[in-house]
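> What follows is each chain in one-letter form.
There are 2 protein chains.
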Amino acid sequence: MSENPTYTIKVNKAETSKIGSVNFDDLPFGSIFTDHMLYSDYKDGAWGDPVIEPYAPMPMDPSSRVFHYGQAIFEGMKAYRDENDEIWLFRPDQNFDRFNKSATRLAMPEVPEEIFMEGLKHLINIDKEWVKKGKGNSLYLRPFMIATGHGVIAAPSAQYRFMIILSPARSYYQGEVKVLIAEHYSRAANGGIGAAKAAGNYSAQFYPTRLANEKGFQQVIWTDDATHTKLEEAGTMNVFFKINDTLYTAPAGERILDGVTRKSILELAERENIKVEVRSVLVEELINAAKDGSLKEIFGAGTAAVINPIVGFSYQDTYYELPKQDNPISLQIKDKLTNIQHKLAEDTFGWTVKI
Amino acid sequence: MSENPTYTIKVNKAETSKIGSVNFDDLPFGSIFTDHMLYSDYKDGAWGDPVIEPYAPMPMDPSSRVFHYGQAIFEGMKAYRDENDEIWLFRPDQNFDRFNKSATRLAMPEVPEEIFMEGLKHLINIDKEWVKKGKGNSLYLRPFMIATGHGVIAAPSAQYRFMIILSPARSYYQGEVKVLIAEHYSRAANGGIGAAKAAGNYSAQFYPTRLANEKGFQQVIWTDDATHTKLEEAGTMNVFFKINDTLYTAPAGERILDGVTRKSILELAERENIKVEVRSVLVEELINAAKDGSLKEIFGAGTAAVINPIVGFSYQDTYYELPKQDNPISLQIKDKLTNIQHKLAEDTFGWTVKI
Numbered sequence: 089m090s091e092n093p094t095y096t097i098k099v100n101k102a103e104t105s106k107i108g109s110v111n112f113d114d115l116p117f118g119s120i121f122t123d124h125m126l127y128s129d130y131k132d133g134a135w136g137d138p139v140i141e142p143y144a145p146m147p148m149d150p151s152s153r154v155f156h157y158g159q160a161i162f163e164g165m166k167a168y169r170d171e172n173d174e175i176w177l178f179r180p181d182q183n184f185d186r187f188n189k190s191a192t193r194l195a196m197p198e199v200p201e202e203i204f205m206e207g208l209k210h211l212i213n214i215d216k217e218w219v220k221k222g223k224g225n226s227l228y229l230r231p232f233m234i235a236t237g238h239g240v241i242a243a244p245s246a247q248y249r250f251m252i253i254l255s256p257a258r259s260y261y262q263g264e265v266k267v268l269i270a271e272h273y274s275r276a277a278n279g280g281i282g283a284a285k286a287a288g289n290y291s292a293q294f295y296p297t298r299l300a301n302e303k304g305f306q307q308v309i310w311t312d313d314a315t316h317t318k319l320e321e322a323g324t325m326n327v328f329f330k331i332n333d334t335l336y337t338a339p340a341g342e343r344i345l346d347g348v349t350r351k352s353i354l355e356l357a358e359r360e361n362i363k364v365e366v367r368s369v370l371v372e373e374l375i376n377a378a379k380d381g382s383l384k385e386i387f388g389a390g391t392a393a394v395i396n397p398i399v400g401f402s403y404q405d406t407y408y409e410l411p412k413q414d415n416p417i418s419l420q421i422k423d424k425l426t427n428i429q430h431k432l433a434e435d436t437f438g439w440t441v442k443i
Numbered sequence: 089m090s091e092n093p094t095y096t097i098k099v100n101k102a103e104t105s106k107i108g109s110v111n112f113d114d115l116p117f118g119s120i121f122t123d124h125m126l127y128s129d130y131k132d133g134a135w136g137d138p139v140i141e142p143y144a145p146m147p148m149d150p151s152s153r154v155f156h157y158g159q160a161i162f163e164g165m166k167a168y169r170d171e172n173d174e175i176w177l178f179r180p181d182q183n184f185d186r187f188n189k190s191a192t193r194l195a196m197p198e199v200p201e202e203i204f205m206e207g208l209k210h211l212i213n214i215d216k217e218w219v220k221k222g223k224g225n226s227l228y229l230r231p232f233m234i235a236t237g238h239g240v241i242a243a244p245s246a247q248y249r250f251m252i253i254l255s256p257a258r259s260y261y262q263g264e265v266k267v268l269i270a271e272h273y274s275r276a277a278n279g280g281i282g283a284a285k286a287a288g289n290y291s292a293q294f295y296p297t298r299l300a301n302e303k304g305f306q307q308v309i310w311t312d313d314a315t316h317t318k319l320e321e322a323g324t325m326n327v328f329f330k331i332n333d334t335l336y337t338a339p340a341g342e343r344i345l346d347g348v349t350r351k352s353i354l355e356l357a358e359r360e361n362i363k364v365e366v367r368s369v370l371v372e373e374l375i376n377a378a379k380d381g382s383l384k385e386i387f388g389a390g391t392a393a394v395i396n397p398i399v400g401f402s403y404q405d406t407y408y409e410l411p412k413q414d415n416p417i418s419l420q421i422k423d424k425l426t427n428i429q430h431k432l433a434e435d436t437f438g439w440t441v442k443i
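As given, the protein sequences belong to chains A and B, one line each in that order. Going by my numbering, the first sequence opens with residue 89, and the numbers climb by one from there. Going by my numbering, the second sequence opens with residue 89, and the numbers climb by one from there.
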């Protein structure tokens, strides 16, 4: 708790818990929610006291701005329980900062740090039985904000709701991931909202991803919308390429999300003396590297999957299979990162925050 | 009604009407709704029978996909009451076609024509007292669709709700509209969702528009995101430029909405022997035309305002005032178009559809 709290969290606890009915060995990602949720409503220019209540549907006016104009942002985070039964967050300051950057870009009000952080901690504490021990187990945290003001007027809402919902998660093996390099569709415009975790960025990707799925590819590697020559993101993750001994990833910017896993990998790589270059890799470079054997690995990086190794990619109807690696850098990095998250390795970075 | 209806519209009428409490001489746009709304739910791959119910909030799960991934599309249409008390729609087939194009681009299911059209007519009939006579009066119609499936998984929803809500409207004079030409921010990417009436396209514009408002401009004229040299749309409307005796508007396409008012103006201009060129106007051309006096008018075109004349624009911190016109083409076109809509002039195009 803050030393001088501005907000009082009101708690209305559920009479019974659903936890007994949940099979923690078989958790479809993002589908099961804990007993409670948190919300805080913004109106007349101010945030109200956060409320923790039993997880339940809420009444929404059909003219709510979120339904018509897409003012909606979110974050994805995780909580971990260590072997001493302490619960930890991973770099929550980064998610908080990015949340408010997203808010600004979508003309939504910033959420006070106290509501975001103390709300998150208080809510997790109430539902702490849902955070299971063991590497691979986590509680997925979903802070989000939606425009709740009424009226079909294409202008920013005057009312908003900030919410946090929690979903227990297991690490999952998605099977072999093959990707298609985007030749026509795009994720983001220059001067657009690609740097924000805005709801509208995701639905824009569903159709091109479905087309890729139908061709046998699980994800799309997005390219710049003007020339389709620069490799930018993989599906909903940042993307890394290992060519010879160097890891490459595009600079975060207006079109590319500043991923927390991405930046953690960059810091970890520096500590481990892995060569890294932050620059756009061209499609042409990737093809040449695949052809001459210097392309060793491609992987996606994001909160949900941590690291998602890619086994091959297709461009202009040609499929390029990546070579099998004995001890791939992707899994080495994943292991180091998840060990820090689960407190199985020393956190020399100060990334973990105890609840 | 269709001859062989597949769906049965269920009607649950409101016990009393709110209409007596509404001041029809002072209607803030899009803020007051009629007594009823229509919805149809999509699940297990099929649309359910439409339901007409009293307008009211509806329960939504906090993990509903629309809140997290922005799967939401809409249309804007109007109904008019003529002097013989008949009620008319304007080119509803165009809105229906575009709605389903938007649906496809957002990986949402298409809505059957019967649900869209018969639902719209049935709902308007029930709330027909809300459609007032007189040029300038109309009932604004808002069909929309949102993803209602649960779960924070970045993938298309399996459940959707199609809805129609209705809002009485008056023509409004917005005051003098000055616009800022976008030099950094953008509305749409190549290969993006700019051609769809997707919720996410609108919230993306709010922040740059707010920045323009703070400088004294009401709207932004969007330019292409790669070079910012081509003029594309004005705010949430299509944009027309009159240079000498010719009207110019950009071709509808992947970045530019295929507006119903826009295409009606093009057809009307052809009938009236007004010279029109459908091509991108460059910022440079506009500046030159403003400097040499050949730029006569700029106006926006859309369902809500029909035609929105623009009095001046700013580019690179220089303001260009447009010359005053005695009988501007924008208002001539607006008059002809609204006369057709209100059945005050013969509809030689077959655009109007009686309810």
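These are calculated hints, taken from the structure and not from any lab test. Heads up, some of the hints might be wrong.
Note that the list lumps identical chains together, so a pair holds whenever it fits in one copy or between two copies.
Unchecked claim - The list that follows gives simulated cross-link-like pairs (lysine to any residue, SDA-like), each with its CA atoms no further than 20 Å apart:
#1 K424 - H210
#2 K106 - D149
#3 K412 - G381
#4 K131 - R298
#5 K220 - I443
#6 K318 - N278
#7 K189 - R298
#8 K131 - P197
#9 K221 - N332
#10 K166 - T192
#11 K379 - Y407
#12 K303 - A243
#13 K166 - G239
#14 K106 - G239
#15 K266 - A243
#16 K221 - K424
#17 K303 - T192
#18 K379 - R359
#19 K209 - G133
#20 K216 - E174
Computed from a predicted structure; not experimentally measured.
> Please go over all the hints and tell whether each is borne out by the structure.
Structure-based check of each hint:
When the C-alpha separation of K424 and H210 is checked against a cutoff of 20 Å, the pair qualifies neither within a copy, at 29 Å, nor between copies, at 62 Å. In this assembly of identical chains, the alpha carbons of K106 and D149 lie at most 20 Å apart only when taken from different copies (16 Å versus 28 Å within one copy). Proximity of K412 and G381 under a CA criterion of 20 Å is satisfied intra-copy only: 11 Å inside one chain copy versus 67 Å between copies. In this assembly of identical chains, K131 and R298 lie within 20 Å of each other by CA distance solely across copies; the values are 19 Å between and 39 Å within a copy.
For the identical chains of this complex, K220 and I443 are intra-copy neighbours only, at 15 Å inside a copy versus 60 Å across copies, given an alpha-carbon limit of 20 Å. In this assembly of identical chains, the alpha carbons of K318 and N278 lie at most 20 Å apart whether taken from the same copy (13 Å) or from different copies (14 Å). Within a single copy, K189 and R298 get their C-alpha atoms only as close as 30 Å, which misses the 20 Å cut-off; across copies the closest is 16 Å, which meets it. Taking the shortest alpha-carbon separations for K131 and P197, only the intra-copy value of 10 Å comes in at or below 20 Å, while the best inter-copy value is 35 Å.
Proximity of K221 to N332 under the C-alpha cut-off of 20 Å is found in neither arrangement, the shortest distances being 38 Å within a copy and 74 Å between copies. Within a single copy, K166 and T192 get their C-alpha atoms no closer than 24 Å, and across copies no closer than 33 Å, so neither meets the 20 Å cut-off. In the homo-oligomer, the alpha carbons of K379 and Y407 lie at most 20 Å apart inside one protomer (11 Å), although the nearest pairing across protomers, at 54 Å, exceeds that limit. When the C-alpha separation of K303 and A243 is checked against a cutoff of 20 Å, the pair qualifies only between copies, where the shortest distance is 17 Å, while the shortest distance within a copy is 39 Å.
Taking the closest pair of Cα atoms, K166 and G239 come within 20 Å of each other only across two copies (16 Å); inside a single copy the shortest separation is 35 Å, beyond that limit. Taking the closest pair of Cα atoms, K106 and G239 come within 20 Å of each other only across two copies (17 Å); inside a single copy the shortest separation is 37 Å, beyond that limit. Taking the shortest alpha-carbon separations for K266 and A243, only the inter-copy value of 17 Å comes in at or below 20 Å, while the best intra-copy value is 41 Å. In this homomeric assembly, K221 and K424 come within 20 Å of each other (Cα to Cα) only inside a single copy, at 18 Å, whereas the closest approach across copies is 71 Å.
Taking the closest pair of Cα atoms, K303 and T192 come within 20 Å of each other only across two copies (18 Å); inside a single copy the shortest separation is 38 Å, beyond that limit. In this homomeric assembly, K379 and R359 never come within 20 Å of each other (Cα to Cα): the closest approach is 31 Å inside a single copy and 59 Å across copies. In this assembly of identical chains, the alpha carbons of K209 and G133 never lie at most 20 Å apart, being 25 Å within a copy and 40 Å across copies at closest. Within a single copy, K216 and E174 get their C-alpha atoms as close as 10 Å, which meets the 20 Å cut-off; across copies the closest is 63 Å, which misses it.
Hint check: violations occur at hints 1, 9, 10, 18, 19; the rest are consistent with the structure.
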